[in-house]
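Those protein sequence lines, which keep their order, are chains A and B. For the first sequence, UniProt numbering begins at 1 and goes up steadily by one. For the second sequence, UniProt numbering begins at 1 and goes up steadily by one.
Because the hints were derived from the structure by calculation, they are not lab data. Keep in mind that this is a model prediction, so the values were computed, not measured. Hints are supplied without guarantee of correctness; some may be wrong.
Claimed, not checked - List of simulated lysine to aspartate or glutamate pairs, DMTMM-like, C-alpha gap at most 25 angstroms:
{"hint": "1", "chain 1": "B", "residue 1": "K47", "chain 2": "A", "residue 2": "D127"}
{"hint": "2", "chain 1": "A", "residue 1": "K33", "chain 2": "A", "residue 2": "E217"}
{"hint": "3", "chain 1": "B", "residue 1": "K47", "chain 2": "A", "residue 2": "D479"}
{"hint": "4", "chain 1": "A", "residue 1": "K602", "chain 2": "A", "residue 2": "D523"}
{"hint": "5", "chain 1": "A", "residue 1": "K536", "chain 2": "A", "residue 2": "E475"}
{"hint": "6", "chain 1": "A", "residue 1": "K352", "chain 2": "B", "residue 2": "E14"}
{"hint": "7", "chain 1": "A", "residue 1": "K166", "chain 2": "A", "residue 2": "E316"}
{"hint": "8", "chain 1": "A", "residue 1": "K116", "chain 2": "A", "residue 2": "D127"}
{"hint": "9", "chain 1": "A", "residue 1": "K559", "chain 2": "A", "residue 2": "E604"}
{"hint": "10", "chain 1": "A", "residue 1": "K310", "chain 2": "B", "residue 2": "E52"}
{"hint": "11", "chain 1": "B", "residue 1": "K47", "chain 2": "A", "residue 2": "E610"}
{"hint": "12", "chain 1": "B", "residue 1": "K44", "chain 2": "A", "residue 2": "D458"}
{"hint": "13", "chain 1": "B", "residue 1": "K44", "chain 2": "A", "residue 2": "D613"}
{"hint": "14", "chain 1": "B", "residue 1": "K44", "chain 2": "A", "residue 2": "E475"}
{"hint": "15", "chain 1": "A", "residue 1": "K412", "chain 2": "A", "residue 2": "D400"}
{"hint": "16", "chain 1": "A", "residue 1": "K427", "chain 2": "B", "residue 2": "E14"}
{"hint": "17", "chain 1": "A", "residue 1": "K412", "chain 2": "A", "residue 2": "E604"}
{"hint": "18", "chain 1": "B", "residue 1": "K47", "chain 2": "A", "residue 2": "E226"}
What the hints assert, rightly or not - Which residues of chain A face chain B? A partial, calculated answer using Cβ under 7 angstroms:
{"hint": "19", "residue": "W237"}
{"hint": "20", "residue": "F444"}
{"hint": "21", "residue": "M478"}
For each residue, glycine too, the CB sits at the ideal point set by N, CA and C.
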Amino acid sequence: MALRSALFVALALQLLFLMHATADILISKADRKVDLSGNNVRVITNLKVENGGSEPIGEVLHALPLQLVRNLAFIGASAFEGKGKNRGAPINLPVKLTKSEAAVEGVILFSISLNKPLKGGETTTVDVYSVFTHVLKPFPAEITQSDVQLVLYYDSAYIFSAYPVKLQTTIFKLPNNPRVESYTKVNPVKQADTDLKYGPYENIRAFSSLPISIHYENNQPFVVVEELVREIEISNWGNIYVTENYRLTHGGAKHKGGFSRLDFQARPGASGRASIRGLLARLPPRAHSVYYRDEIGNVSTSHLRNDKDKTDLQFEPRYPLLGGWRVTFTIGYGLPLQDFVFHTGDGKRFLKFPFGCPLQDVLVENLIVKVVLPEGSKEPSFQVPFPVNKSDEVKYSYLDTVGRTVIVLTKKNAVQEHNVFFEVYFKFNTIAMLVEPLMLVIGFLLFFIACIAYARFDFSISKTSAAYQARVQREELMDAVQKIQNIFSFRRVNVSDKLEASLKDLARTGDIQSCKAARKAADAALKESAKELQAKFQSVQSFPRSFNIIPKLEALIAKEKEKQEKLLQKHAVVVESYERKLSSKEIDNRIAPHQQKISALKQEVDDMLESLDDF
Amino acid sequence: MADLATPIFSPVSESLYPFLSISLLTVGLLIAAYFFIYEVTTSKLSKSLLHELLTSSVASFFLGFGSLFLLLWTGVYV
């Protein structure tokens with residue numbers, strides 16, 4: 001510790017030249033609030049900056065010791081417009097790491113740009129907000145199940161500043177009902193309830209520091225996500241799938257000795273006080289199809305509550321996590337497309353989605369966000385409000401051909417403050433959505449084509465065997481018979497139907513001429529089909545195995561011919577009766593016997609046609 | 001940018017997925033059934049390739065789109 005302070009004193013001397021450059025600025029009042037109640041330390045430093053020179057200044061420097069920079073997860077600054085009661089909303093000020101002053105050993109400087117230059121003699125207020133991880137060291141480093149978790153925190157009683165500070169105080173906020181083992185006394189210092197107040201200290205030089213340590217009880221479970229892979233898959237058919245793979249650990253004091261489930265269950269207040277019993281994931285509103293599982297399968301200890309602003313997933317790990325224990329699990333959910341994907345004005349589309357981990361107040365050591373764009377997306381680009389590493393991947397999912405473009409964004413040490421919206425822009429042509437259904441269509445078509453081909457192939461091995469020959473002949477014969485059947489049951493039946501229809505027309509309109517024309521056409525059609533029938537019949541006769549079908553066919557042809565003739569006769573009778581202008585009753589009497597005969601013949605022909613099938 | 005942003009919806013309303021999948025699949029299966037009846041009842045020598053291709057392509061169109069909406073309805077967003 002002494003070494004450290006000595007180093008700072010040496011540094012302060014080294015930096016004298018630097019102070020000349022910035023000597024005009026001084027901090028008239030500084031208030032620092034350090035929240036030690038969680039597992040990450042959040043610091044808000046409220047600085048009243050005074051420009052003692054005459055030149056206007058545009059930026060203020062914020063100093064951090066180098067060894068703390070490694071633990072710095074987030075830094076931001078804000079200022080208020082106006083003063084007192086007319087104070088407006090805070091405005092975020094850009095903060096960036098300065099390169100030139102970074103040459104000074106052991107100190108890192110951040111430059112905060114003011115929203116308007118500070119003139120000579122004026123004062124302004126700047127809030128610097130920073131989050132540090134891994135700065136609370138469990139001490140003792142190993143505890144048993146019944147022990148409480150004590151942590152040790154090192155800091156400086158003075159605010160580490162690049163400028164001299166006139167008046168300063170620091171308040172360390174401890175957890176509720178604090179039990180403080182020890183803290184460094186630097187007068188004035190006092191503890192009141194959860195606050196440990198150092199200061200006020202007056203006229204402290206730039207870059208001075210006074211190491212202090214606080215050793216206190218912090219039973220907050222140290223939830224640390226070692227690795228979180230979030231996969232956000234966009235489907236243009238109306239959904240976004242989110243899959244989150246967690247590797248979670250308890251980063252607090254390591255557990256030693258045995259674990260008694262009985263003690264743990266029976267005395268939750270006295271046993272495993274710093275263990276992780278449950279977690280809360282705050283998902284976006286309208287999340288659906290939520291699941292929580294691990295390698296074994298579904299984990300049933302979860303509850304889902306939703307309202308119009310959020311969806312809360314309250315869940316427990318498969319087993320309670322004591323210090324140093326690990327668990328891996330997966331959370332997945334679907335979200336409506338229209339909530340997160342939008343058109344830009346210039347024909348592009350963009351996804352606007354929360355970047356960070358939905359678990360409340362955890363540290364994610366390695367956060368990997370993968371955005372899977374729809375297949376056929378072009379020109380992907382992204383916009384994240386803090387630096388991330390980017391790489392590309394290709395993922396094959398449902399009905400993909402060329403694969404989907406994946407943008408992989410990696411961020412180390414992500415905290416709650418990184419859970420902000422980021423954007424991924426891409427181009428997509430709506431026509432490309434048809435690729436997926438067309439692939440399904442082609443799939444079915446290939447199946448049908450395979451069926452067509454199968455029906456045409458000949459799978460017999462021996463093409464010369466007698467049985468094979470017989471089968472081929474039989475098939476040919478069946479085909480010929482089928483053709484004859486078709487002539488009967490389509491073409492010739494069609495002719496009869498037309499004749500009957502012409503008779504009906506005649507009864508309705510009395511147009512004898514058209515009826516005669518229909519008769520003529522029927523004659524021609526019958527003649528033609530009869531010729532064809534004869535040809536087909538002869539071909540059947542030529543088949544070697546046709547002997548038992550020929551008599552049937554002959555009978556059928558004769559019967560059918562008779563039926564057609566009867567029909568023609570009836571037709572002739574009706575036409576003649578009309579020409580003689582007989583009454584309808586008389587016509588009915590005259591055709592009644594024909595009608596009977598025709599129906600009987602029709603029945604017989606149908607029976608015979610059917611019996612051809614089973615020869 | 002934010003003012004110009006308009007949300008993107010699915011081209012087919014999600015409430016139509018059940019109806020579309022059932023109706024398209026029914027029509028598709030009926031045509032497929034007709035195709036198979038034709039395949040097994042028509043003798044090898046008198047099959048018409050054009051007839052087969054026409055029925056099968058119409059059937060696969062209906063079955064393809066029907067199964068797409070079935071996938072979407074059951075939550076497999078392709």
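Comparing the hints with the structure gives:
1. B/K47 <-> A/D127: violated (85 angstroms)
2. A/K33 <-> A/E217: This hinted pair holds, its Cα atoms lying about 19 angstroms apart.
3. B/K47 <-> A/D479: holds (10 angstroms)
4. A/K602 <-> A/D523: holds (19 angstroms)
5. A/K536 <-> A/E475: Given pair A/K536, A/E475 holds - Cα atoms ~15 angstroms apart, limit 25 angstroms.
6. A/K352 <-> B/E14: OK: A/K352 and B/E14 at ~22 angstroms, within 25 angstroms.
7. A/K166 <-> A/E316: violated (50 angstroms)
8. A/K116 <-> A/D127: holds (15 angstroms)
9. A/K559 <-> A/E604: Within the cut-off at roughly 8 angstroms; holds.
10. A/K310 <-> B/E52: violated (54 angstroms)
11. B/K47 <-> A/E610: With a Cα-Cα distance of about 21 angstroms, the restraint between B/K47 and A/E610 holds, given a limit of 25 angstroms.
12. B/K44 <-> A/D458: Holds - the C-alpha atoms of A/D458 and B/K44 are around 10 angstroms apart, at most 25 angstroms.
13. B/K44 <-> A/D613: Distance ~16 angstroms between B/K44 and A/D613 Cα, so the pair holds.
14. B/K44 <-> A/E475: Cα-Cα ~8 angstroms, so holds.
15. A/K412 <-> A/D400: violated (32 angstroms)
16. A/K427 <-> B/E14: It holds: about 23 angstroms lies between the C-alpha atoms, which stays within 25 angstroms.
17. A/K412 <-> A/E604: Answer violated: A/K412 to A/E604 is near 90 angstroms, above 25 angstroms.
18. B/K47 <-> A/E226: violated (66 angstroms)
19. W237: holds (5 angstroms)
20. F444: holds (3 angstroms)
21. M478: holds (5 angstroms)
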